Amino acid sequence: MKRNFEDDKKNMVVVEGSYAVADAVKACRPNVISAYPITPQTHIVEDLSQFIADGEIPNCEYLNVESEFSAISALVGSSAAGARSYSATTSQGLELMHEVLFNVAGMRLPVVMTVVNRAVSAPINIWNDQQDSISQRDTGWIQLHAEDTQEAADMTAQAFKIAEDPDVMLPVLACMDGFILSHVYEPVILLDEDLVAEYLPAFEPEFKLDPKNPKTFGAFADPHSYTEFRYLQQQAMNKALKTIEDAADEFYDLFGRHYGGLIDTYETEDADIILMAMGSIVGTIKDVVDKLRAQGVKVGVLKVRSFRPFPAEAIKNAIKGAKVIVALDKNISLGLNEGALFTETKGSLYNTNVNIPIIGFMIGHGGRDIPMSTMEAIVDEAKKVIDSGITVESQFTDLKEELL
Amino acid sequence: MKPLLQAGHRGCAGCCDAIAAKFTLMAAGEDCIVVSPTGCLEVMTTPYPESSWNVPFIHSLFENNAAVASGIEAALKAKGEFGNTKIIAMGGDGATLDIGMRSISGAFERGHDFTYVCIDNEAYMNTGVQRSGATPFAASTTTSPAGKVSFGNIRPKKNMPAIMVAHGSPYVTTTSIGYPKDMIRKVKKAVDVEGPTYVHAHSPCTTGWGFDTSKTIEVAKLAVETCLWPLYEMEDGELTKAKKIKNPKPVEDYLKMQRRFKHLFTMEGGDEMIKKIQALADANIEKFGLQ
Ligand SMILES: Cc1ncc(C[n+]2csc(CCOP(=O)(O)OP(=O)(O)O)c2C)c(N)n1
Ligand SMILES: [Mg+2]
Chain A
1 MKRNFEDDKK
11 NMVVVEGSYA
21 VADAVKACRP
31 NVISAYPITP
41 QTHIVEDLSQ
51 FIADGEIPNC
61 EYLNVESEFS
71 AISALVGSSA
81 AGARSYSATT
91 SQGLELMHEV
101 LFNVAGMRLP
111 VVMTVVNRAV
121 SAPINIWNDQ
131 QDSISQRDTG
141 WIQLHAEDTQ
151 EAADMTAQAF
161 KIAEDPDVML
171 PVLACMDGFI
181 LSHVYEPVIL
191 LDEDLVAEYL
201 PAFEPEFKLD
211 PKNPKTFGAF
221 ADPHSYTEFR
231 YLQQQAMNKA
241 LKTIEDAADE
251 FYDLFGRHYG
261 GLIDTYETED
271 ADIILMAMGS
281 IVGTIKDVVD
291 KLRAQGVKVG
301 VLKVRSFRPF
311 PAEAIKNAIK
321 GAKVIVALDK
331 NISLGLNEGA
341 LFTETKGSLY
351 NTNVNIPIIG
361 FMIGHGGRDI
371 PMSTMEAIVD
381 EAKKVIDSGI
391 TVESQFTDLK
401 EELL
Chain B
1001 MKPLLQAGHR
1011 GCAGCCDAIA
1021 AKFTLMAAGE
1031 DCIVVSPTGC
1041 LEVMTTPYPE
1051 SSWNVPFIHS
1061 LFENNAAVAS
1071 GIEAALKAKG
1081 EFGNTKIIAM
1091 GGDGATLDIG
1101 MRSISGAFER
1111 GHDFTYVCID
1121 NEAYMNTGVQ
1131 RSGATPFAAS
1141 TTTSPAGKVS
1151 FGNIRPKKNM
1161 PAIMVAHGSP
1171 YVTTTSIGYP
1181 KDMIRKVKKA
1191 VDVEGPTYVH
1201 AHSPCTTGWG
1211 FDTSKTIEVA
1221 KLAVETCLWP
1231 LYEMEDGELT
1241 KAKKIKNPKP
1251 VEDYLKMQRR
1261 FKHLFTMEGG
1271 DEMIKKIQAL
1281 ADANIEKFGL
1291 Q
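Residue numbers (the numbering used here), protein chains in the order written: chain A, 1 to 404; chain B, 1001 to 1291.
Warning: the hint list may mix true and false statements.
[Unchecked claim] Estimated spans, in silico, between C-beta atoms of each pair: (1) I52/A - L1239/B: 34 to 40 Å; (2) L232/A - E1238/B: 18 to 24 Å; (3) R137/A - E1030/B: 38 to 44 Å; (4) G1029/B - E193/A: 36 to 42 Å.
[Claimed, not checked] With the Cβ distance kept under 8 Å, some of the chain A side facing chain B (calculated, not the full set): (5) N59; (6) A83; (7) D210; (8) K215; (9) D222; (10) S225; (11) A294; (12) Q295; (13) V297.
I should point out that these hints are in silico values taken from the structure, not numbers from a laboratory. In this text, all values refer to a predicted model and were calculated from it rather than measured experimentally. Ideal Cβ placement from N, Cα and C applies to all residues, glycine included.
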C-alpha cells in the first residue's frame, strides 16, 4: 500500500538538526550507544541521553565513556556481541578513534557513527570543514555525506541498513556539516518508528560472541592470509555501491524521500560546467545554479553522497557530457595542494574515455563562509577553462592576502 | 570436559600466559566471554585460521581491552542476554598498567559487571622484553638494560591493585600462577562478585626473565616466599586476607635464578641493590602483615 506522502508535510516539525538525527537514531532501535562530548556533536548525544532518561529507547544501554577511544572501542565489543551499536563524534574525537576505526572495519562490525564534520587542530577551530572524516578515508568505513538536516536524519536509517546488509557488513560514517546542519532549526519530518522497523529489520549477525557457539574474533593473520582479508573488505565495498543505491530506493518507496544514492544531480543533463561537492554546500550551489541558469549559463551540480566507496562509474556517467568539471573540497591533502574529491575524481577518470578538464577549489576551511559571489567567481574561472584551458589546476579560495 | 584453552597454541615451553589463562578459564567455566588485548597471549592462541579458545574470544587492540569488555557487557544487558555469563578481560602488564590504563579506569568507574585479570610478566614480552610500568626495580630489560653505569630499571613497580581499589572496586586481589588453587579460587570469587573486579596474577616469563623452561612455577613460588609478591585480597577497600609467609626466604634466592637480575651478582655495587630489593620485601611483610 502506497502511503500518502502529502500527509507527512503536515506533520513537519521545526527541530534542530541534531535533534532530527538523535530522533532518527532512536527510531533505529539501537542496543548500545556510546558517547563522549565534543562540539558540535554534543546536542546529538545530549538528546539521546534525554530519550534514555525518559525511557524512550527500550533495550538500550547508554555508555558515558571516558574518551572517544573507548567510545568506539566499546562498540567493538557491543557489535561483536550482536548489538546494534551507535556513536557520534567529530574532529579531534574522530582522529583519536583512528586506530580503532581500522579495527571495527577489519572485524566487519556494522557500527554506525554520525560525524558532525569539523576542522582539525592546530590551530584549534570548532567550525565546519570536512578534513576530519576525509582523513579517515582509508580506514575501511563507508562514508556518506548529507546535504540537509532531513537527509542527515534519514541517512541514519539508511546507514544501518547498508552496514548490516549481510553482503556488506561494514561500518558507516554518516557525515553532516557541523553547525550548518547540526545546529540549524528547520522543518523536518521525524522518522516514524513503525516504518523504520519495516525498513530496517532487527540486527541478527551470522556470527557473534556467544558462549553457546564460541567463535574467535580479531585473530592474528600472517602474510599467508592477511591479503585476503583486505581483498574481502574491498569486495564488500564494491557490493556496497549497489547496496547504497538500493537503500536509497527502498527508503523512497517507504518514506517518499530521495536524495540520490551514491550521487545526485541537479541540472547536469545539458550542463557545460558541472560543480561537484559533498554536504551542505550543495544547497548553496543549487541556488547559484538557479541564478546562473536564468542568465543562460549552462551549469549544474553533482552531489557526491558516498565518498567511500567512491562512485567512480556513477560520477563518470553524470559528467561525461560536460566541458569542464569543478571539484569543491572542504579539505586538503597538504603537500599535494588538492582536496580529496578533486584528486579522486581526476584519478578515477584518467584511464577512461572521458577526457574533460577538471579544476579544484579548496573552500570553506575552518568554517569560512562561502557566499554565492565566491561560487559565481568559481564558475567564471570554469568558463575560462572552456575557452582557453587550465591555468591553475587546484587552488585555495578567498585567501586573505593581508593575513599572509 | 574439553579444555577451554586448547593445547597446541604457539606459547613457549613453560609459558606463564598460557598457565594464567588456563587457570582463569578453569575458574570461570564455559559460560564466559574472553577479551584480550594485543600481547603474547592473543598472538600465540589465535593464528588464523586456528584458535585455542573453546569459549568466545575477542581481541581488538592493545589499549582498549576494558572498553571492549564494557561494550560486551552493555550489549548482553541491553538484549536481556546477560544471565550468568562472565565477561573476562585478560591482559598483559603493559596493556594493563600502561597503555590500557585509561580504558580500565573508565570501565571500572562506570561499574560494568566484569573481571579484569592482569597477567603480569613484568615487561612487554610480545615485542621482545621491553620495560613496562610493572617491571621491578633493578631488572634488566631490552629498554632498561644493565650497563656500565646502570643497574637496569630504576623505578619500582606501579601499584596497580591500589589504583583499582581506589576506583571503588568491590574485589581486588593479587595472586600467582605458582599457586593454582589460590588463583582459581580468587578468579572464581572475582567473577561471582557483582561489579568490576580485578585480579593481578604474577606470572614469571621464562624467555623474558631468563630461567629454565621447567622453572616457571618454582620462580613464581619464590616471588611469594621471599615476600616480593604478596598474595592478598581487598574487599570494598579493606584488606581481608593475606597469605602468611612464616619464614621468608632471602630475595637472593629469587633473584639469582633469573638472567634479568644477573648483573646484581656480578657488578660492583650490586649488593647494595639487592639490599634495596630486600627492603621492598620487608616493607611488604610490614604492610600486609605477612608474618
Ligand atoms: C598502540 C600499540 N602500541 C604498541 C604495540 C606493540 N605491542 C604489541 S604487544 C606489546 C607488548 C605487550 O606487553 P604486555 O601487555 O605486557 O603483554 P605480554 O606480551 O608481555 O604478555 C606491544 C608493545 C601495539 N600493538 N599497539
Ligand atoms: Mg607483559
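Results for each hint:
1. I52/A - L1239/B: 34 to 40 Å: 38 Å, holds
2. L232/A - E1238/B: 18 to 24 Å: 53 Å, violated
3. R137/A - E1030/B: 38 to 44 Å: 42 Å, holds
4. G1029/B - E193/A: 36 to 42 Å: 40 Å, holds
5. N59: 5 Å, holds
6. A83: 4 Å, holds
7. D210: Holds. Min distance 6 Å.
8. K215: 6 Å, holds
9. D222: With a closest approach of 7 Å, the D222/A hint holds.
10. S225: 5 Å, holds
11. A294: Violated, because the Cβ-Cβ distance from A294/A to chain B comes to roughly 54 Å (cut-off 8 Å).
12. Q295: Where the cut-off is 8 Å and the nearest Cβ of chain B is about 56 Å from Q295/A, the hint is violated.
13. V297: Status violated, d = 52 Å.
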